[in-house]
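Colleague: Chains A and B, in that order, give the protein sequences.
When we follow the numbering used here, the leftmost residue of the first sequence carries the number 1, and every step to the right adds one.
When we follow the numbering used here, the leftmost residue of the second sequence carries the number 1001, and every step to the right adds one.
Heads up, none of these hints are tricks.
Simulated crosslink set (PhoX-like; lysine-lysine; CA at most 25 Å straight-line):
1. B/Lys1194 to B/Lys1226
2. B/Lys1074 to A/Lys11
3. B/Lys1200 to B/Lys1226
4. B/Lys1237 to B/Lys1189
5. B/Lys1069 to B/Lys1226
6. A/Lys11 to B/Lys1069
These are calculated hints, taken from the structure and not from any lab test.
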Amino acid sequence: MMDTLRQLIDKHARLPVAAGTLAPAQDLYAAGLTSFAAVQLMLALEEAFDIEFPERMLNRRSFATMNSITTCINELRPQALAS
Amino acid sequence: MCESCPTLLDSLIHKGVLIETGVDGLYGRSGLFEQIVDGFDRMISRTGADQAAEVLRFPPGMNRALFEKSGYLKSFPQLAGTVHSFAGNDRDHAALLDRLARGEDWSEKQEMTDVVLTPAACYPVYPTVARRGPLPADGLVFDLNSYCFRHEPSKEPTRMQMFRMREYVRVGTPDQVVAFRQTWLDRGKILIDKLRLPYKVDIANDPFFGRAGRVMASSQRDLGLKFELLVPVNSEKNPTACLSFNYHQDHFGSTWDIRTETGEVAHTACVGFGMERVTIALFKHHGLDVSKWPAEVRDALSL
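Using the sequences and the hints, build the whole thing.
Modeller: So, in structure tokens, the structure goes:
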């Protein structure tokens, strides 16, 4: 899943650096993620993993690191982890 | 309040302070209402006299192309008001009149014009600043006042669809704009103290649209980008934002490529005063008979 996630970040998060250079626990906002781009990333994640983030996950912290994103996706769709 | 009027809005209309138009959130204002608005406007000007602000006044409609570039539709599509006008021939005109007479939808030949209704007083200023080139070392301060439109019909008199917003806007380095916002957080409290209104200042978020908007609102709150000075008007539980203090970070600076003297992307902040909201809060707390308002409030407003 991390590979897919990195691809989506490269495509939608508009970071000045490649997602491949970022550690899973690294703060994406500190790396240049804006609120608008976080929303674009959220919509792309929903489409790619066929999920819908519930109300309680619609906040800044859910998209703060690749780890926090995978935690959310894992909770919503455990089988995605294996892909 | 008026004895037989169930709500504040009914009282204001019964007393002739506001004039009904048949549309919720769209009202006429009496001369007395305008005197109070003018008095508060002068109080703001006196408070901001040291800001060396450049006064700019724009009409309540803005260039649609600039509005589109501003990003407003990303965040608040539900609030935007676009101006449409008839674009057809004689036959289309006859069809329009025919549909009108039959009470049917007559909007078919309406086309978008180049004008949208201004959603916030500061929106036209950012492209204006950008066209001037890099900022001076001290940055800039602007003084704005405009009727604004937001499509949110409501029976609460404080939530109008067309209302006036006075603003000071700071454009400069992060340090300059953060200091500006703190200055006005302090000054806003002093202003409302002079009007003897109860209030609290709290962190806030804009009404971003949809599920994506929940993420935006959460970010805005987590980062402490928006504060509001809230006065209880319609209820104690949901007090009304009468002043707002907003730090946009580099949102407008990067959207419009506004640069500081040293070439960095400029940051912006603004303080907004809801002219109608403050006026209605005064009627709520001091009564409909302005002659009985506290003397210091009347003095402050030059009434």
